[in-house]
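So the protein sequences, as listed, match chains A and B. For this note's numbering, count along the first sequence from 1 and bump the result up by 5. For this note's numbering, count along the second sequence from 1 and bump the result up by 5.
Keep in mind the hints are simulated off the structure, nothing from the lab. Any given hint could turn out to be false.
[Stated by the list, open to error] Among the chain A residues that face chain B by a calculated CB cut under 8 Å, a handful are: (1) Lys26; (2) Ile36; (3) Ile200; (4) Ile269; (5) Val282; (6) Ile283; (7) Cys288; (8) Gly326; (9) Glu327.
[To be verified] Footprint (simulated), chain A over chain B, 3 or more residues, beta carbon under 8 Å: (10) 79-86; (11) 218-232; (12) 250-257; (13) 264-270.
[What the hints assert, rightly or not] Using 20 Å as the maximum straight-line C-alpha spacing, the simulated SDA-like pairs for lysine to any residue come out as follows: (14) B/Lys329 to A/Glu201; (15) A/Lys160 to B/Arg330; (16) A/Lys329 to B/Gly164; (17) A/Lys311 to A/Glu368; (18) A/Lys141 to A/Lys174; (19) B/Lys329 to A/Asn161; (20) B/Lys274 to A/Glu201; (21) B/Lys329 to A/Asn128; (22) A/Lys329 to B/Leu162; (23) B/Lys160 to A/Gly348.
All residues carry an ideal CB built from backbone N, CA and C; glycine is no exception.
Read off the chains here:
There are 2 protein chains.
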Amino acid sequence: MTNIAVLIEQNRGDTPLVRKKTRAVKAGNLIIGGGFPISVQTMWKQRLSADSLGGVLDSLADLNRRGCDIVRFAVPDLESADLLGALARESTVPLVADVHFDYRIALRCLDHPIAKVRINPGNIGAEWKAREILSKARESGISVRIGINSGSLPKNLDGETDRAGAMVKAAESEMELLERLGFHEVVFSLKSSTIETTVVANELFAGKYQYPLHIGITEAGPLIPGIVKSAIGVSTLLKAGIGDTIRISLTAPPLDEVAAGVEILKSLKERTNSVTVISCPRCGRSTFDVQSFLEQVVSDVQKIQKPLTVAVMGCPVNGPGEAKRAELGITGSGKMAIIFRDGTIVRRVPYESAVHAFCEEMEKICENI
Amino acid sequence: MTNIAVLIEQNRGDTPLVRKKTRAVKAGNLIIGGGFPISVQTMWKQRLSADSLGGVLDSLADLNRRGCDIVRFAVPDLESADLLGALARESTVPLVADVHFDYRIALRCLDHPIAKVRINPGNIGAEWKAREILSKARESGISVRIGINSGSLPKNLDGETDRAGAMVKAAESEMELLERLGFHEVVFSLKSSTIETTVVANELFAGKYQYPLHIGITEAGPLIPGIVKSAIGVSTLLKAGIGDTIRISLTAPPLDEVAAGVEILKSLKERTNSVTVISCPRCGRSTFDVQSFLEQVVSDVQKIQKPLTVAVMGCPVNGPGEAKRAELGITGSGKMAIIFRDGTIVRRVPYESAVHAFCEEMEKICENI
């Protein structure tokens, strides 16, 4: 069996993942690789403007509370570079500059206390431009991500039918330059919009190199298809011990990308300080509107950084059984909601008081952990 | 290597799944198991009433157009059994009755042309009641699902700490009765709200028995966490060759459950007659509001039963590259949307005409396939 097959076998169980060894790369106050916890990334979706910075900072803090560790911003011009710099000076979350085409924008970003700069070798141009970027990054203690995308490979590789192989070749050609310049503070990513190409490209790369990997399916689609492709692709790689930081690319708000990323890590036992929600899908038996109840509490529940299981059940078939194994449970029974703590009924309330009573019990539990 | 390990190895590639052999069980005009296509199920979420039947029939037809093959209804009382019967006489989609506690309701359902009846052995009561149900099912040519849920195991097994083992024991105890009565038209399910227990229980069962399996993570949660857990759990089983029909249990509408189920099968190359959407997650570079564009077209796109790839991109970085490999692509560039067919620009339109132009091109493509 190859090394990766051994890791897949070891990662089938109910324990945290056994991960492939990678180099530790600093990104602000975060470390990517080297066995450090797998971080969750997202990307800001709007262009920055001077008057939006306050709101963006609040959003960054909120994303952070919900499990986001690092946020990337597209930097299409010099003004955006300076605005990102202003944010980076205030943000507690490390920020990454994403630069395409124009090496001067990357250089301007490196004047600011950003954590990392992402460049795409396919479009940054002549070698001397990359060399200038790397030299300045080294001086500033800022790391680099080389982001290979199947949709934007360098011209000489774009015609290859073996997409995964071409992506690895594109990464290797950048690596050659980086290593020649003695620059090692690098995270790589190899993304495609298909699961299989992404998985194969990352397996090939991880089988040969020790650089940490940022993983994800790119352009995965709108919410539901995007989460399905990402969960399958990213979990396949993580179970093979591959991946040091993840980004779920959805045509949906950053909060959804973070929620999906955190949930993937929870499902693989890589995040434990957050709440697992078990909830009834509803059927014609339920007297309790689980969906509307959840919509009212889910945002607060996602902010709790404690290892709790919460069960929100609709009826007496599976409700009490599931609720028994949860720290906090609620289930409908006739016209009343019954609230359980560790399998014991603590309250019975009418449905209209259910949200209030549930949140009160949740607060009590959080105070005692 | 065990049989399952061999299947996992065979199912890593870019081809349809190699599936474990199971018995073929008829459910109305659908066949579950026996190598027939993996079907997608959902469950109706409201209680039936006489005046809702017309609307429910329309919804069933819509679910069917979006890839749903079979729909289950909770039947909490005799009146609901007759309403389900009335639906079953009209519906082109096979319908399943889900009965708990009261065997008389199951018997009443079997008076009607339903496709299958699901009972949960943990709560149907004395053996003679199950015997009556099976005897009538056999007469009517209606198959049965034995649905084992970790949250509602029979009392004698409920205390066991090996949940997966206890679920298999519960299934075996039902199987013993069924086989004693010579009843073999049975689909089994073994569901837990945790991925690992579900996967292990189904692997154990599939390693020993040839009955087809209905798979899913039960009470998986609200939309995002529910899809993540389901995609990881269900794809893990399918890649092991296990699973003949799938249900994604979400605290969300049936349409979302079906969209997630179809997408899981597409990701594993098990469904090809539907549209794959590649779409940009947006960033500060985009001038084209991909999310709002997609929200306007996604519902129509999901109804197309053709093997197409559509790329909806925001900007010129990855846009043209991805769009090139899609039958239909749209990307923003400055103030215009550019529409591609098979990598060739066919139209340039202002953003406000983008939805209309895109749908026109989509129709032309569909007419020619």
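The hints, checked one at a time:
With its C-beta approaching chain B no nearer than about 23 Å, A/Lys26 sits outside the 8 Å limit, and its interface hint is violated. The closest approach between the C-beta of A/Ile36 and any C-beta of chain B is roughly 25 Å, which is over the 8 Å cut-off, so the hint fails. For the restraint placing A/Ile200 at the interface with chain B, the shortest Cβ-Cβ distance is roughly 6 Å, inside the 8 Å limit, so the hint holds. Annotation: interface hint on A/Ile269 holds; nearest CB of chain B at approximately 6 Å, less than 8 Å.
Nearest Cβ of chain B to the Cβ of A/Val282: about 4 Å, under the 8 Å cut. The hint holds. The restraint placing A/Ile283 at the interface with chain B holds, with a minimum CB-CB distance near 4 Å, inside the 8 Å limit. The interface hint given for A/Cys288 holds, since its Cβ lies 4 Å from the closest Cβ of chain B, which is under the 8 Å cut-off. With its C-beta approaching chain B no nearer than about 4 Å, A/Gly326 sits inside the 8 Å limit, and its interface hint holds.
Checking A/Glu327 against chain B by beta carbon gives a least distance of about 4 Å; that is within 8 Å, so the hint holds. Given a C-beta distance limit of less than 8 Å, the hint that chain A covers the stretch 79-86 of chain B holds, as 4 residues qualify and 3 suffice. Chain A is given as covering the stretch 218-232 of chain B, and this holds because 10 residues of the stretch bring a CB closer than 8 Å to a CB of that chain, at least three being needed. For the stretch 250-257 of chain B, the stated coverage by chain A is satisfied: 4 residues place a CB nearer than 8 Å to a CB of that chain, which reaches the threshold of 3.
Only residues whose beta carbon comes within less than 8 Å of a beta carbon in chain A count, and the stretch 264-270 of chain B has 4; three or more means the coverage holds. Only pairs whose Cα atoms come within 20 Å are accepted, and B/Lys329 paired with A/Glu201 is accepted, the gap being roughly 19 Å. The suggested pairing of A/Lys160 with B/Arg330 holds, with an alpha-carbon distance near 16 Å, which does not exceed 20 Å. This hinted pair checks out: A/Lys329 and B/Gly164 have alpha carbons roughly 12 Å apart, not beyond 20 Å.
This hinted pair checks out: A/Lys311 and A/Glu368 have alpha carbons roughly 11 Å apart, not beyond 20 Å. Taken as a hint, the A/Lys141 and A/Lys174 pair is broken in the structure, with Cα atoms around 25 Å apart against an allowance of 20 Å. A distance of roughly 17 Å separates the Cα atoms of B/Lys329 and A/Asn161; the hinted pair therefore holds under the 20 Å criterion. Distance restraint check for B/Lys274 and A/Glu201: the Cα-Cα separation of roughly 11 Å lies within the 20 Å cut-off, and the hinted pair is therefore satisfied.
The straight-line distance between the Cα atoms of B/Lys329 and A/Asn128 is roughly 17 Å, inside the 20 Å bound, and the hint therefore holds. Note on A/Lys329 and B/Leu162: the hinted pairing holds, with a Cα-Cα distance of about 15 Å set against a maximum of 20 Å. Restraint check: the Cα-Cα separation between B/Lys160 and A/Gly348 comes to about 16 Å, which is no more than 20 Å; the hinted pair holds.
Checked against the numbered hints listed earlier, the structure breaks hints 1, 2, 18; every other hint is satisfied.
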